[in-house]
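Asker: The residues making up each chain are set out below.
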Amino acid sequence: QKEVEQDPGPLSVPEGAIVSLNCTYSNSAFQYFMWYRQYSRKGPELLMYTYSSGNKEDGRFTAQVDKSSKYISLFIRDSQPSDSATYLCAMSPPGFQKLVFGTGTRLLVSP
Amino acid sequence: DAGVIQSPRHEVTEMGQEVTLRCKPISGHNSLFWYRQTMMRGLELLIYFNNNVPIDDSGMPEDRFSAKMPNASFSTLKIQPSEPRDSAVYFCASSFIRTGGGNVLTFGAGSRLTVL
Chain A
88 QKEVEQDPGP LSVPEGAIVS LNCTYSNSAF QYFMWYRQYS RKGPELLMYT YSSGNKEDGR
148 FTAQVDKSSK YISLFIRDSQ PSDSATYLCA MSPPGFQKLV FGTGTRLLVS P
Chain B
27 DAGVIQSPRH EVTEMGQEVT LRCKPISGHN SLFWYRQTMM RGLELLIYFN NNVPIDDSGM
87 PEDRFSAKMP NASFSTLKIQ PSEPRDSAVY FCASSFIRTG GGNVLTFGAG SRLTVL
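The listed protein sequences derive, respectively, from chains A and B. Each number in the numbering used here comes from the position in the first sequence (counting from 1) with 87 added on. Each number in the numbering used here comes from the position in the second sequence (counting from 1) with 26 added on.
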């Protein structure tokens, strides 16, 4: 079993839909959780960064961490065609420099 | 800041040739990471440096791969000899590591390597 599991998709939604992207993990020591967005032929860019449990909101994006279930989510409200990209979750224990990445979920938002 | 700068952006070479990928990290960052990305395996960490010193190279696939960081503003990843299975996108990322904190990476645009 992989340390971090992420559905590769693709996930296809119409413009304006609410999108839910998810990762599950097995290592209870993980405390730092990140979401990276990667456009085609580009490098991943940090989208959201959270520590421990709870929610964090930034504009149309909300990151949610449920440590009891070892489950993290990224919600995108009012999705736009420009949100079409691959979304990678990443996580680590405190003080660890090596991030564990999910394989990424490809999202397609159609106009 | 121009971000993490990688070169070349694209490299096509023949099996057996030497390949050198280059990276300039963000000024002030104290850690540098080399990743490889393929459809089959996703993002794989090859090696990382702290303050120019290699810390963990357990992800380097074999002796054909080597990496150096001669100073805080430059790193190379070398493959010699290259093989078709080395075809992938190679990313360099840098970060500023604080003791006990999380590690937020800034990635470069990647170097797309094709070995024929």
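Check the hints yourself; a few may be wrong.
As the list claims (entries may be wrong) - One side of the interface only, derived from the structure: several residues of chain B facing chain A at Cβ under 10 Å:
#1 Gly85
#2 Pro87
#3 Gly134
Hint data in this document are derived by calculation from the structure and do not stem from the laboratory. From the three backbone atoms N, C-alpha and C, an ideal C-beta is built for every residue, glycine too.
Asker: Each hint should be assessed against the structure and marked as holding or not.
Answerer: Cross-check of the supplied hints:
no.: 1; hint: Gly85; result: holds, 9 Å
no.: 2; hint: Pro87; result: violated, 17 Å
no.: 3; hint: Gly134; result: holds, 5 Å
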